[in-house]
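K.L.:
Given the coordinates of chain A, work out where chain H with the ligands should sit on it, guided by the hints.
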Amino acid sequence: MLNQKKMLVVSHPPFIHMGSTISKKTYNIFIVALIATLPGLYRYGAPAVGVVSLAVSSAIIWEYLMNMANKRPVSVGDGNAALIGLLFAMMLPATSPWWFVVVGTFVAVVIGKEIFGGMGANPFNPALIGMAILMVSWRNYFDFDAALANYTFETIKVYPMTAMKNVGPEAVSTINACDLLMGNLLKLQIGGIGATCGLFLIIGGIYLIIRNFIRWEISVSFLAGILITAYIFNCYDPAKYGSPVIHLLSGYTLLGAFFLATDDSSSPVYFIPMLIFGAGCGILTVLIRNVGMYADGVVLAILFMNLANPIIDKIRPKAIGKVD
Amino acid sequence: MIKKSIIGLIRPKVEYEMVGPTTPGAQAISAPMNVTLLVDIPLENRNALLIKAGEKVKEGQKLTVSKESDVYVISTVTGEITAINPFTGDRGKEYTAIDIKAGGDEIDDTFSAFKSKPALDNAINFLECVPGKPDLKRLNDPDRPIKKIVVAGMDPDLLVAAKQYAVRYSCIPIKKGIEILKKITGINDVVLAVPPSLERDAHTEMIDTVAVSTKYPSAIPRMIVKDVLGQEIQAGVKLEDMGICFISAESIAAMGDAYKDGKIPNRKLVTIINKDLTKTVVSAVIGTPVGNILAALDITTNDQDRIIAGGPMRGSAVYAGDYPIQPDTDAIMIQDKADIPNVSDSACINCGECIRTCPVNVPVNLLVRFLEAGEYEEAADDYDLYSCVECGLCSFVCTAEMPIFQFIRLAKHELVRIQEEEAEAEAAAEAAEAAEAEQLEAEENA
Ligand code: SF4
Ligand code: SF4
Numbered sequence: 001m002l003n004q005k006k007m008l009v010v011s012h013p014p015f016i017h018m019g020s021t022i023s024k025k026t027y028n029i030f031i032v033a034l035i036a037t038l039p040g041l042y043r044y045g046a047p048a049v050g051v052v053s054l055a056v057s058s059a060i061i062w063e064y065l066m067n068m069a070n071k072r073p074v075s076v077g078d079g080n081a082a083l084i085g086l087l088f089a090m091m092l093p094a095t096s097p098w099w100f101v102v103v104g105t106f107v108a109v110v111i112g113k114e115i116f117g118g119m120g121a122n123p124f125n126p127a128l129i130g131m132a133i134l135m136v137s138w139r140n141y142f143d144f145d146a147a148l149a150n151y152t153f154e155t156i157k158v159y160p161m162t163a164m165k166n167v168g169p170e171a172v173s174t175i176n177a178c179d180l181l182m183g184n185l186l187k188l189q190i191g192g193i194g195a196t197c198g199l200f201l202i203i204g205g206i207y208l209i210i211r212n213f214i215r216w217e218i219s220v221s222f223l224a225g226i227l228i229t230a231y232i233f234n235c236y237d238p239a240k241y242g243s244p245v246i247h248l249l250s251g252y253t254l255l256g257a258f259f260l261a262t263d264d265s266s267s268p269v270y271f272i273p274m275l276i277f278g279a280g281c282g283i284l285t286v287l288i289r290n291v292g293m294y295a296d297g298v299v300l301a302i303l304f305m306n307l308a309n310p311i312i313d314k315i316r317p318k319a320i321g322k323v324d
Numbered sequence: 001m002i003k004k005s006i007i008g009l010i011r012p013k014v015e016y017e018m019v020g021p022t023t024p025g026a027q028a029i030s031a032p033m034n035v036t037l038l039v040d041i042p043l044e045n046r047n048a049l050l051i052k053a054g055e056k057v058k059e060g061q062k063l064t065v066s067k068e069s070d071v072y073v074i075s076t077v078t079g080e081i082t083a084i085n086p087f088t089g090d091r092g093k094e095y096t097a098i099d100i101k102a103g104g105d106e107i108d109d110t111f112s113a114f115k116s117k118p119a120l121d122n123a124i125n126f127l128e129c130v131p132g133k134p135d136l137k138r139l140n141d142p143d144r145p146i147k148k149i150v151v152a153g154m155d156p157d158l159l160v161a162a163k164q165y166a167v168r169y170s171c172i173p174i175k176k177g178i179e180i181l182k183k184i185t186g187i188n189d190v191v192l193a194v195p196p197s198l199e200r201d202a203h204t205e206m207i208d209t210v211a212v213s214t215k216y217p218s219a220i221p222r223m224i225v226k227d228v229l230g231q232e233i234q235a236g237v238k239l240e241d242m243g244i245c246f247i248s249a250e251s252i253a254a255m256g257d258a259y260k261d262g263k264i265p266n267r268k269l270v271t272i273i274n275k276d277l278t279k280t281v282v283s284a285v286i287g288t289p290v291g292n293i294l295a296a297l298d299i300t301t302n303d304q305d306r307i308i309a310g311g312p313m314r315g316s317a318v319y320a321g322d323y324p325i326q327p328d329t330d331a332i333m334i335q336d337k338a339d340i341p342n343v344s345d346s347a348c349i350n351c352g353e354c355i356r357t358c359p360v361n362v363p364v365n366l367l368v369r370f371l372e373a374g375e376y377e378e379a380a381d382d383y384d385l386y387s388c389v390e391c392g393l394c395s396f397v398c399t400a401e402m403p404i405f406q407f408i409r410l411a412k413h414e415l416v417r418i419q420e421e422e423a424e425a426e427a428a429a430e431a432a433e434a435a436e437a438e439q440l441e442a443e444e445n446a
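Read top to bottom, the protein sequences are chains A and H. For the first sequence, counting from 1, position 12 maps to 12 in my numbering; every step adds exactly one. For the second sequence, counting from 1, position 190 maps to 190 in my numbering; every step adds exactly one.
Excised from the complex, chain A in its bound form:
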């Protein structure tokens, strides 16, 4: 008796799993982000396709090289590096030179993620780290108006963020929300490759929320933070500060609210902290746009809230039975 007749696999409970996995999650976000980028690719054509492909592939290569260097299992299969590359490219102007993209993904993947220990250990959103470093180092490349001067566009010919900053809201008064949301495929705003088509970003974001891949708490509070803060500024001096709708639909706002602020590792996990985090991103974005020195505040706003995340996330319900 009790002798082993068949090899029965021995392991530990629970013996069932809900079925969610890292790769399912990242691939879903990747595909949704890619679809949201399509109008941008269509509009800016080959250079944009080049930037996106280069960003995605170089991000994967950087991660692979880091895996090799650290003698760790190859993790590119989880799709996270590709996603970082894509999100990074979505923020870039289509005219970015190749070295700019490669340096950016290096900073994003290596400095933004790998040196902290890989996925889940990065305190900041890696794509934003890449962006921030580039923005500080080579500011001119982000002058979307100059960068994209060679394109002819039908309606919105200015990057709304810069226009608002330099000229004031009347510069963008001809832009209506519908155009920003993309009334037809050609009426896109000038901006990052993947940040121009508001409608696709919103639909994609809602899909990700419904499928539970990103947290609605962060996206909704982010957008609410933008609207409320912009509204207050706008009431205070409508001649100087743009309307909340322009703030909501232009620049990186939607990209930030659905794809950047929702990065798991650098955002909170508890309900109230998520709301604070999202709202903080939104408020800071408008503050930077309206009173700071950068045209678009999304990148720095989210990075700043990433920094605050560990502290915010301490606001958590007490474990039941905890003895203090």
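Don't read these hints as lab results, they were simulated from the structure. Some hints could be false.
[As the list claims (entries may be wrong)] Pairs of lysine-lysine residues, derived as DSSO-like cross-links and limited to a Cα-Cα distance of at most 27 Å, are as follows: (1) H:K147 / A:K322; (2) H:K56 / A:K318; (3) A:K314 / H:K226; (4) H:K215 / A:K322; (5) H:K337 / A:K24; (6) A:K318 / H:K215; (7) H:K412 / A:K314; (8) A:K322 / H:K412; (9) H:K56 / H:K115; (10) H:K13 / A:K318; (11) H:K148 / A:K322; (12) A:K322 / H:K337.
[Said to hold, decoys possible] Derived list of chain A stretches under chain H, where covered just means 3 residues or more per stretch with a C-beta under 8 Å from a C-beta of chain H: (13) 16 to 22; (14) 316 to 323.
Built from N, CA and C at the ideal position, the CB exists for glycine as well.
P.N.:
Using the frame of chain A, we list chain H with the ligands on its own:
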């Protein structure tokens, strides 16, 4: 069991399945030719064994294996002992396994003397191995008195229905068992915890009940105490130390029957969960090899399938197909090798799923980082390891597919070991000190 929705916003509902008025009765598995009984002590010295291979035993006979310990089993068949071996169970727990070959139908009548004469000492002496394995000794500890007994009429794990079956089909013995229990322990605060679907059955017999929600993990004892009894639970404090003792409804029914008939019940209700997650409840003689039951139900197992003692969330994988049914084996689950979930060595990605699912607010995303690093003391002091009620939901939902639940159990296990070692070292140091003092004294005297 799991109601999934395509809309991820609505969390998958993990619910217990209910035994109701239309559930068919348990299928009786015929008595086996061979049984294996596990005695709850390691087999250390073969020569000092009180029983030997070749000895005849009778059904209902009490078997002890060592002079030093009063741990016993009750033979569930009449026949001859064929072997006595060491046996390692879940998490390295060691037992002495007694194999008995059945033959004959005589019944040991020692217990019949106590028919209709229930007392705590004869219950402790003969009824500790009835189905459900009640911890009767614990009721008899004047230093740490029990004030309340909760009769568990609902299994803590998913898909397991042994206790619900006992309530559905044995309300009369349960009523009798509760009366006896009250009488022999003097504890009058006894309630039966049942799912709402079984309350009517219990009320027909005028048994006091409390209703337990059907949402997993509300039938875990600590959750019942917190949510149903409304008492505060404290991390690291055992329910028994709060004066609350849980006893399976099946045990209570068995006690009721034992004193009514003067015979110790030997059949256990076992939920057999098949590969497609359908379940059958059977009644089998304690000690029956799992293989016999599977054969009777026409369930085949292949290489690398998994046999689990217990349910899908909290059970333990067993090492051999001949694993014997124990007095506390409420379920056996067979899992096809294709259904065995992947366990990855990815790190936590901080998605927060575990946080949203943990019923007692353990900060799992932080805890797991310390557990992985083996920093158990920090985990216990700062990250609420001891608040965990061991429901397994965090592992079930983990996006990174980490074996979090295993980490948690391992950590608790290790901490117990560390504490024991420390206590031992302290005792040794004290002893050494005492010896030194004695020596000094002796020298002074001389
Ligand atoms: S097993 Fe996980 S989910 Fe369940 S109580 Fe413990 S920490 Fe929370
Ligand atoms: S579910 Fe898993 S990956 Fe997600 S936060 Fe919890 S432990 Fe980390």
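K.L.:
So which of those numbered hints doesn't the model satisfy?
P.N.:
Hints 2 and 12 not satisfied by this model.
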